[in-house]
Amino acid sequence: MTPKVTGLIKYFSRVMPEPESELVYDGIYQLVVAVVLSAQCTDKRVNIITPHVFEKYGDFAALADAEQKDLFLLIKSCTYPNSKSLHLIAMAKTVMERFHGVFPESRDEMETLPGVGRKTANVVSAVAFNKPYFAVDTHVFRVANRLGLVKAKTPLETEKQLEKLFPPEVIPDAHHWLLLHGRYCCTAQKPHCETCGISALCDFFKK
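Start counting the sequence shown at -2; every next residue gets the next number (this note's numbering).
Since the hints were derived computationally from the structure, they do not count as laboratory data. Glycine included, each C-beta is placed from N, C-alpha and C at the ideal position. Please note that a few of the clues may not be correct.
What the hints assert, rightly or not - Here are the simulated SDA-like cross-link-like pairs (lysine to any residue), alpha carbons at most 20 Å apart as the crow flies:
#, residue 1, residue 2
1, Lys1, Ile168
2, Lys187, Asn142
3, Lys73, His49
As the list claims (entries may be wrong) - Pair by pair, the computed Cβ-Cβ distance ranges are:
#, residue 1, residue 2, range
4, Glu154, Arg11, 24 to 32 Å
5, Val99, Cys193, 39 to 47 Å
6, Arg95, Met(-2), 35 to 43 Å
7, Lys41, Pro0, 15 to 23 Å
8, Glu154, Asp23, 21 to 29 Å
9, His189, Glu64, 22 to 30 Å
10, Pro14, Gln65, 16 to 24 Å
11, Glu106, Cys182, 29 to 37 Å
12, Lys7, Asp200, 14 to 22 Å
13, Asn79, Gly194, 14 to 22 Å
14, Ala87, Arg11, 20 to 28 Å
15, Glu106, Asp62, 30 to 38 Å
16, Pro111, Asn44, 22 to 30 Å
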């Protein structure tokens, strides 16, 4: 490991020893639905929406039988509710038909599901199955590049570089560390460098 990665692990292990997703869910079905809804939408908004979705559609089987117009009404306050409602129903139908109602554990198989892209598959793999896949959202992308951990122009490049830097057993936590740090400290427009605990490790701060 590089000294920077060692320093980051040491810091975050102390201040955030058990990082968790801010999405509220119970079980893999609820996790998948929440993560799909969270694309370009805040976790806070998703957590307002999902209780109503889960009350009406409690599992993949129920969601597969949903009417798109009914699901749309439940999620209309999130971003892209029309496409997300279509994708969620199609995803649930595929899980029922191809995977006999059991969400696949393989990332490659996840990515064949409607509405499940690379980031969603990585999040579910890491959170539900503790796989060493680094999900890269806008926060992770920003923080990793500002810190100088990576020099990447795309989320996929960032993901591949981060997965080479961090030990596999740390990756599920490291995703949350960088995400939450980006959400609350290393914000997009005005990073809070004056209160940041890892500024000594940061290329952006040194500039």
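Each hint, compared with the structure:
1. Lys1 to Ile168: Since the Cα atoms of lysine 1 and isoleucine 168 sit roughly 15 Å apart, the hinted pair holds (cutoff 20 Å).
2. Lys187 to Asn142: Given that 20 Å is the threshold and the Cα spacing comes to 15 Å, the pair holds.
3. Lys73 to His49: Measuring from Cα to Cα gives roughly 12 Å; hence the hint holds.
4. Glu154 to Arg11: 24 to 32 Å: holds (29 Å)
5. Val99 to Cys193: 39 to 47 Å: Cβ of valine 99 to Cβ of cysteine 193: about 42 Å, so the range 39 to 47 Å holds.
6. Arg95 to Met(-2): 35 to 43 Å: holds (40 Å)
7. Lys41 to Pro0: 15 to 23 Å: violated (36 Å)
8. Glu154 to Asp23: 21 to 29 Å: violated (34 Å)
9. His189 to Glu64: 22 to 30 Å: The hinted range 22 to 30 Å is violated for histidine 189 and glutamate 64, with Cβ atoms some 45 Å apart.
10. Pro14 to Gln65: 16 to 24 Å: For proline 14 and glutamine 65 the Cβ distance comes to about 42 Å; the hint is violated.
11. Glu106 to Cys182: 29 to 37 Å: holds (36 Å)
12. Lys7 to Asp200: 14 to 22 Å: holds (18 Å)
13. Asn79 to Gly194: 14 to 22 Å: violated (42 Å)
14. Ala87 to Arg11: 20 to 28 Å: violated (43 Å)
15. Glu106 to Asp62: 30 to 38 Å: violated (22 Å)
16. Pro111 to Asn44: 22 to 30 Å: Once the Cβ atoms are compared, 23 Å apart, the range 22 to 30 Å for asparagine 44 and proline 111 holds.
In this structure, the earlier hints numbered 7, 8, 9, 10, 13, 14, 15 are contradicted, and the remaining ones agree with it.
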